[in-house]
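As a plain string of letters, each chain reads:
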Amino acid sequence: MSTNSLDFLKNKSQWLRKEIFEMVIRVNQGHIASALSQTEILISLFYGGIMRYKNKQPNWDSRDRLIISKGHSAMGIYPILADIEYFDKIELKKYGTPEGILRIYGDKSIPGIDSTSGSLSQAPGIACGFGIACKRDNKDINSFLVLSDGEHYEGSLWESAMFASHNKLDNLIFIVDRNKQIILGKSEECLRLEPLADKWKSFGWNVHNIDGHNYSELLNAMNKGLKKNGHPTVIIANTIKGKGISYMEDVTRWHNTMPNNDQIIQARKDLEINCIK
Amino acid sequence: MQKNYLDFDRSKNNQYMRDVFIDGVYEYAKNNPDIYFTTPDMGAPSLDNFRKKLPNQFIHSGICEQHMVAMAAGLTLMNKKVICYAMAPFITSRCYEQIKCSVSAMNQPVNLVGIGVGLGYADAGPTHYTTEDIATMRVFPNIEIITPSDEMTTKKLVKYMFNEDKFRFIRLDRDVLPAIYEVESLIDFNKGYAEIIKGSNKKIVITSGYLLHKCKSIINNKYNGFTLVDLFKIKPLNDSFFEYLKEFDEIITLEEQWLDGGFGSLILEGLCEREINKKVLRFGLDQKFYFENGGRDYLLSSFGLDVEKIFHNLK
Chain A
1 MSTNSLDFLK NKSQWLRKEI FEMVIRVNQG HIASALSQTE ILISLFYGGI MRYKNKQPNW
61 DSRDRLIISK GHSAMGIYPI LADIEYFDKI ELKKYGTPEG ILRIYGDKSI PGIDSTSGSL
121 SQAPGIACGF GIACKRDNKD INSFLVLSDG EHYEGSLWES AMFASHNKLD NLIFIVDRNK
181 QIILGKSEEC LRLEPLADKW KSFGWNVHNI DGHNYSELLN AMNKGLKKNG HPTVIIANTI
241 KGKGISYMED VTRWHNTMPN NDQIIQARKD LEINCIK
Chain B
1001 MQKNYLDFDR SKNNQYMRDV FIDGVYEYAK NNPDIYFTTP DMGAPSLDNF RKKLPNQFIH
1061 SGICEQHMVA MAAGLTLMNK KVICYAMAPF ITSRCYEQIK CSVSAMNQPV NLVGIGVGLG
1121 YADAGPTHYT TEDIATMRVF PNIEIITPSD EMTTKKLVKY MFNEDKFRFI RLDRDVLPAI
1181 YEVESLIDFN KGYAEIIKGS NKKIVITSGY LLHKCKSIIN NKYNGFTLVD LFKIKPLNDS
1241 FFEYLKEFDE IITLEEQWLD GGFGSLILEG LCEREINKKV LRFGLDQKFY FENGGRDYLL
1301 SSFGLDVEKI FHNLK
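Protein chains in written order, with my numbering: chain A, 1 to 277; chain B, 1001 to 1315.
Each hint should be verified, as a subset may be incorrect.
What the hints assert, rightly or not - Capping the alpha-carbon separation at 35 Å, the derived lysine-lysine pairs in DSBU-like fashion look like this:
1. Lys108/A <-> Lys1155/B
2. Lys1191/B <-> Lys1222/B
3. Lys1100/B <-> Lys135/A
What the hints contain is simulated information worked out from the structure, not anything from laboratory work.
The structure displayed is predicted, hence computed values, not measured ones.
With the sequences and hints as input, model every part of the structure.
Here's what the structure looks like:
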């Protein structure tokens, strides 16, 4: 675990976006736009001094746990897991192929994936299992969860939210990748989720409502979450789906659409300029 | 009020299966802080004892089976031994996708304990009956399904459960069931079944749970000659079981389930895969929902499991 400079983190943003894009394009498998909205969240966790882990040791007992609850974008974490040497970088080139260990949705067979995900809002319950086990064993292990806003429609999320609060699981930090898009349109037009922060507050959580592409805001909220006060923490990170690729940003159809050749060229041009200033 | 066939046993101070089970778990849990018991608000006197004495190992999940099962997977991922306890219909169907993705797909050794299988909650109606739980749960590749039929089996099951970590569905009867076994050595969970009555090699009756007691009584008292087997482990069924079935001319299965996908169906499939040709007669509940009163025996008799009539016709 180390705390890096803002410039370092911003460079990581650009690196991760490029890696994700090339991984997906190579095999036409994945959810580019969803992975691009969560980029700064993951960079903050791994390179911003938030999560405790050891390079090369994905099974280190005392590591903090992380589940990409929005399993469709779990592939967005693979370049980081390779970078911290949980597996060989060559695996990124083999993503989505029969020879590789990496696939669209993260599962337990992949080093660094603490839980299989893909079915929305099961991971909050799993995180509660992590949280209450660590609490009762007096183990100082935090569990982080990256949630989509779409998962907020699942009732099981609120079951777990109620449970975590009642049991004072302040070792849980959930980060909502609030990109406001679901497959058929904007969340607020399909079925209103707002006022989302108020909903979490009413369930007894510490709530931070921030810009999910701003490292200062992300790290500030995450560090507040690390200070235990008897309540679990949720960070509503307001993001832009498809962030960094001009024609994808906040456009509904890009949830699982693959770009054509012209669009690939355009995306590569876009990604040459770091969208995180 | 209609009396059930086994009602008389309640006057003999026999224990409910849930209490035998939970007391057994308690004996292990008091010496192992990694054993956790969680429930979405299902009670038992034995559980009152457990949660009073071991509050750190008891978790009230809230009345939310989906959360409970996912949380249980989180606990086992942190190396806890976990028992989830709820009414049978709710611990199977309500949280089915959590069982699939969070437990089975990650092969987590969660023990799902369903109470009141079959029509155990008569006359509550279809919301509280589980007439399909074998069909729905047997499809998971790594599951073990166990139905204890008496106190001794339940006690031995607890021991087996803590000796071997597996993803399990344990089906407990709601009623007090009398003893089947006199010696524990007959109950072998690796074998999975036990011969309760040795009859001729013509007709073998395979059943478990509440119906096992009814069949035992009828064979002993009225229709001698049948061999009776307690199939306490429904899945997986091993090769030795099918080798054993080869000895018989006719196989009869009785289950407090709809027949689609039940254990009669499992046996048929097993016979077919092994190219064993036998006459098989399956008896189960009529495939419909029952909104009627009269008690468990009345409902069984009315909807396909009139055991007296079945044996009369089989003899």
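We went through each hint and held it up to the structure:
{"no.": "1", "hint": "Lys108/A <-> Lys1155/B", "in the structure": "34 Å, holds"}
{"no.": "2", "hint": "Lys1191/B <-> Lys1222/B", "in the structure": "29 Å, holds"}
{"no.": "3", "hint": "Lys1100/B <-> Lys135/A", "in the structure": "27 Å, holds"}
When each numbered hint is compared with the structure, no violation occurs for any of them.
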